[in-house]
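Protein chains in written order, with my numbering: chain A, 1 to 374; chain B, 1 to 435; chain C, 1 to 301; chain D, 1 to 301.
By construction, these hints were calculated from the structure, which means they are not laboratory data.
Some hints here could point you the wrong way.
Simulated crosslink set (DSS-like; lysine-lysine; CA at most 30 Å straight-line) [to be verified]: (1) C/Lys8 x A/Lys105; (2) D/Lys288 x C/Lys194; (3) A/Lys133 x D/Lys29; (4) C/Lys57 x B/Lys433; (5) D/Lys85 x B/Lys348; (6) C/Lys288 x D/Lys217; (7) D/Lys127 x A/Lys7; (8) C/Lys194 x D/Lys29; (9) C/Lys187 x A/Lys131; (10) D/Lys217 x A/Lys112.
Below are the chains, spelled out letter by letter.
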Amino acid sequence: MSKIVLKNVYKHFDKKVTAVSDFNLTVEDGEFIVLVGPSGCGKSTVLRMIAGLEEISSGEFYIDGKLMNDVPPKSRDIAMVFQNYALYPHMTVFDNMAFGLKIRKFQKDKIKKRVEEAAELLGLEDLLHRKPKALSGGQRQRVALGRSIVRDAKLFLMDEPLSNLDAKLRFQMRAEIAKLHQRLKTTSIYVTHDQTEAMTMASRIIIMKDGVIQQIGTPKDVYDNPENTFVGGFIGSPSMNFFDGRIVNSQFIADDVHINIPEEKMAYLREQGYAGKELTMGIRPEHIHLLTGEEEAELTNSILSKIIVSELTGADTLLYSMLGTQEMIAEVESRTNVTAGEDVYLTFNMDCAHFFDKETGVRIRPEKSAVLVG
Amino acid sequence: MFRKKLMPLFFVLLLILSGCAGFKTGDSKSADSGDKVVIDFWSFWGSEIRRPVIDKIVADFNESQDKIEVKHTFVPWGDIWTKELAAIAAKNPPDVVINDINATALRGQKNQAMNLSRFLEKDDISDRFYEELWNATLYEGDSYGIPFNTDTRILFYNKTAFKEAGLDPEKPPATWEELWEYAEKLDVKNGDTYDRIGFYPLWGVNSDVWMLNSDGKNFFDEDGVPIIDTEANRETLEWVMDWHEKYGANTINSYKSQIDSQQGNPFFNGKLAMYVNTPTFYTQIRDYAPDLDFGVAMLPEREPGSGNTSWGGGFVAEIPQGSKHPEEAWEFIKHLTDVEAQEYWAVKNFDNVANIKAAENAAKNSEMPDKDKVVYQMAIDNMENTLLTPVPVHAPDFMNLVNPELDSILLGKKSIEQGLKDAQQSLEKLIEKSK
Amino acid sequence: MRKKLNYKRMEGLQGYVFILPWIVGFIAFTAGPLIFSFAASFTNYNITSQMDFIGFKNYENLFTADNLFWTSLYNTLYYVLFSIPLTTAGAIFLSALLNQDVPGIRFFRTIYYLPAVLSGVGVYLLWMQLLDPGTGLVNTALGWFGIPGPNWLFDPDWTKPALIFMKMWSVGGGMLLYLASMQGVSKSLYEAAKIDGASSWQQFRFITIPMITPVIFFDIVTSLIGGFQIFQEAYVMSNGEGGPVNSMLFYNLYMWKKAFESFDMGYAMAMSWILFIIVFLITIINLKLAPRWVHYEGEER
Amino acid sequence: MEEVEMAAKKRDEERVASAPAYFDNIHTKRKLLSLINFILLAAGSLLILSPIWWMISTSLKSMAEVMTYPPTFYPHEWNWGNYIKTWKAAPFDTYAINTITITMLVVIGSVLVNSFIAYGFAKVPFKGRGILFAIVLSTMMIPGFVTLIPQYVLFSKLQWINTYYPLVVPAFFGSAFFIFLLRQFYMTIPNELIEAAKIEGASHFRIWWTIGLPLTKPALATVAIFSFNGAWNDFLGPLLYLNDENLYTLQLGLQVFKGEMNTQWNYLMAGSLLVLLPVIILFFFFQKYFIQGINLQSGGK
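Turn these sequences into a full structure, and let the hints steer you where they fit.
Quick look at the structure:
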């Protein structure tokens, strides 16, 4: 049972640089939290503060209700997987995995049992006597995981553990880690800059930028309802289209293009005084559809545009074109035979579009109450 | 694995070492044997030739009485004085040290060596020694060290070469002019190189010795006023430069480096016909070139009547300031510089001793082979020509200023006039500054 | 209010425990003599009989009235300027050669290390013979290639190059350092580079060199400090006099003469503090420049 | 590792460029590089060894032959007995035991203590670390002469004169050179390794012992060799602090061959070579610690 709480946590370096500000988070037992954001956003710093490798400048950090700020890492009962695995090069795989247990003065046979169990779980049985340099990248990564597993710690921390693997291995290990978590149910915090990892593994995602939490939520939540343009752009691949424009008469006008806004959206936009104002519209590529007939085009909310590049990704095709002077990507069925240079009609599923304040980038919500961040 | 091995090894070592002599603290001198006072005596005589001689002298002293026990320690040449200085500073010095005679007054002035007047008042032994040596130990009239041995510079010449060149082997050159003439005759040139060189003045001694030889005057007069820019010195350097041009820098440097490195000497195999060095150079001839037929002579005169002035040095026995047993040390020094010990030293080492009587006895000692006696007698005879150049107490490092000027002259980078003038000026400035 | 000991502060305390031996040793053996020598630099201390405060007179004399001070400083700078780059490059080059799989490599390593072990007066005297302009081995060898060798220790223009040449002979000590550090460079880095098509030289330039920069940095800093303190070779090879036209009168040699021949210890101590400041400033510059080129694998990203 | 010095490399490249496809063969190329390397090393060895040959040759000559002008390149008469005479000229057995005793202790102290201190400076953050480290470095910059006298006085007050304490004890309190050297090596150990161990529950002391020591083995071997060398060849220390000839070391013993007027070159060289021998043997066998270096990056990428 372990629940962790971070309250108003700040991290300053050299009293000048603020790496993390006002970080608040409650993690329930068994959750798999993924901290995601571009490099330098402070996500690793948060993890290192939780691990005790960095001091918390201000704020409080609890594990199971116990204040941990001043508890040294070794007493926090956590396990951590490092980006470069941090395996001890002079020790065998067995010794690497047994190290933490030895320090905690476990009995020899107990150490052996635990290490062997973990090795079996990870398929490392035959490698126990090897040294790290005789292992492949994936194997090293498994040893690093194994080293954390044997400890049976309360909290499991992972700092970009997959970033040094190639795409295929990464995919495979991602699934393995997810499986492992389902089996062990250890509360885990996972740091990555890869939004796909975040989306696929997390029970909840925390998106950070410049040391500030942008949004916390389930993968679906953050995908469907991004709190601001940053989240919208960061989560999802290919990323969300953003168009700058203004609202005139229930229409969103970007450059010369006029797009009708559904009435319920228009209602709260108007209510919040955005009518006639500049704002940003965001729409995911999969919500832009390809139309086939001209008649249809006239009926619906559509625009004619010239395809610059057409990319087949397998299941879908990505169509790159321009909305006036602004770039636009549409994700359409792979079977459509659209080639570069062709003029096609595209339509926007405006029910799925989001509007963002142009100044702050914050999503304009139906109710005015919530301003930002939970 | 290496960590597991290291720790036990370490403790075992510590265990063994705790019993080792090097880890017993405490003053070694406090372990006096019985009623005897143990005094420490440091010398740099550690070679297989000198060591037995000094040990015998020490043993004789220890046996001659039952109050004092001298413990002789060999300390390497040159470094012995650094060690002595540190020990004096720590107020834990030895009781007797052999030191350079030329800086005795300086050490007296700096309070490193003990003023020996209180002992000399009781037993005046000053008349044992050559006057020039004794004077060198004085600072403001008090002696700070007792002369032990000395040296001088004499001319060695190859008699066989003399005969070959048609010179009379019993008539060595008497003046600088003759030296030049002889050398001309002795030179054997073979293309660009020499099979035999007659003479070059700066192998074995430096130009300051020839300046001393030229008019019997040091770089300072009795009052400590620098007198380096003189007519005699100018002439000397001109003469030296003549030699320099005669043989050329390449030949000279090649021979010089060999001679300076104390390995190999062209005089031994007749490649150099005349050579100036100390009388003890004879022992090398004796050991390394036993068949060489050579003669010895005083340094030639610059011109008839200018004198055969030579240059010497030597060592004194002194009591460092802070010695715990100066009275006993004095007793030992008296023994060390008395006729018996000095004669023994002179004969066994073929070394010039400071004690006049001992030196004269040695020259007649039956243990000395005839050839030894000839050289030794020449050394004694030359003592009256020999001057010392004690370090001036107000300008101990004056040679740092003079040497580069002399170098520049020899390298042709400065004229003789300019070089001497600059040397004179910088010495005057140095004296001015230290007053 | 007593501040609570949090674990970071505890860790800090552990840090002090680690360096405690040094702190104790420093206070016990070094600090006293250092403070003493600093204080003595303002006196006319002569070790045995006097130690009167004379203010900045020693320093004043050094800068205004002592030509030999400047000569010795020039000589020392000359030596440092040429010997450090040459020996550093030489040692790196040599260790690169010795880090290969060549038959008899253990013998080669031992041979190249030999000169570093040979120290002391005997070696310098040996070199005086080797540098003999006429019969010495060096000029004889140069003669085989038709090069007329210089007068080395007799020509004031060649004395310092002679010492630098001699120093080059014993780069084996530095070689040892580089050899040790090259062992830490991962083979996989070379493999990756090879796949990228890097030539041997490129691998050396872009992998080996950056990976051993911490040791290069160490070598440069310590050789600079050591270079400024050159003494024994000059002392022995010039018979303690400083060579022709004082061309081998290095800073420490001059200081030694002042301290132990003229017993002007206060003056020598003032000299030593000036040297200290010079070397300290250079080291600080080195430390400041270090982050630009020294790459520590263990550093925080 | 494949890095090879420039000249050989360039030559090789030119050859490869102009040569037929035969040279494209990787094995041929590697063999060629290895051969060039071997030739370079062998040629360099001759340069390094020629002065040493001079020592050997002198050590076997009679004094009469040493004094011959011009010097002979090899002895006409091989006096192997010189070595026995040298050893018997002074109590060298005793000196050898004394030197070994001092050296062993100094090496043990240097390796353990400096590693400990350096770990603190490299891997444990604490307040004032930078300044303290700067002080460590600056202690190297003070010329030894000026602290010689005050230090002697200090040891004299401790009643340590004529014991091995002044020679051995300071080694147990760290030396700036070694601290700096080992710190540089520790800096190349990724911090992640230390952090991982911290999280696993290890204290810094444990991390130093179980991770720091084994991972810096090549550097420790360097320190061991350097400190061995230093203690073995130390002259000034034993000279100053030992008054009893029974406590003398080999380096002091060698001085008996050097007098004020002449030097017994053959014995001096024989003695120097004999004293050198253990160091060479030690180095020869100790090398493996460099070769089996540890790949710090192998735990990662």
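Hint check results:
1. For the suggested pair C/Lys8 and A/Lys105, the alpha carbons sit about 24 Å apart, so the restraint of at most 30 Å is met.
2. At roughly 27 Å between alpha-carbon atoms, D/Lys288 and C/Lys194 fall within 30 Å of each other, so this suggested pair holds.
3. For the suggested pair A/Lys133 and D/Lys29, the alpha carbons sit about 27 Å apart, so the restraint of at most 30 Å is met.
4. The straight-line distance between the Cα atoms of C/Lys57 and B/Lys433 is roughly 12 Å, inside the 30 Å bound, and the hint therefore holds.
5. As the CA atoms of D/Lys85 and B/Lys348 are separated by approximately 21 Å, the hinted pair is consistent with the 30 Å bound.
6. A hinted pair counts as satisfied when its Cα atoms are at most 30 Å apart, and C/Lys288 with D/Lys217 qualifies at roughly 29 Å.
7. Using a Cα cut-off of 30 Å, the hinted pair D/Lys127 and A/Lys7 holds, with the two alpha carbons roughly 28 Å apart.
8. Restraint check for C/Lys194 and D/Lys29: the C-alpha separation of about 14 Å stays at or below 30 Å, so the hint holds.
9. Simply put, C/Lys187 and A/Lys131 have alpha-carbon atoms about 15 Å apart, close enough for the 30 Å limit, and the pair holds.
10. With a C-alpha separation of about 28 Å, the suggested pairing of D/Lys217 with A/Lys112 holds against the 30 Å cut-off.
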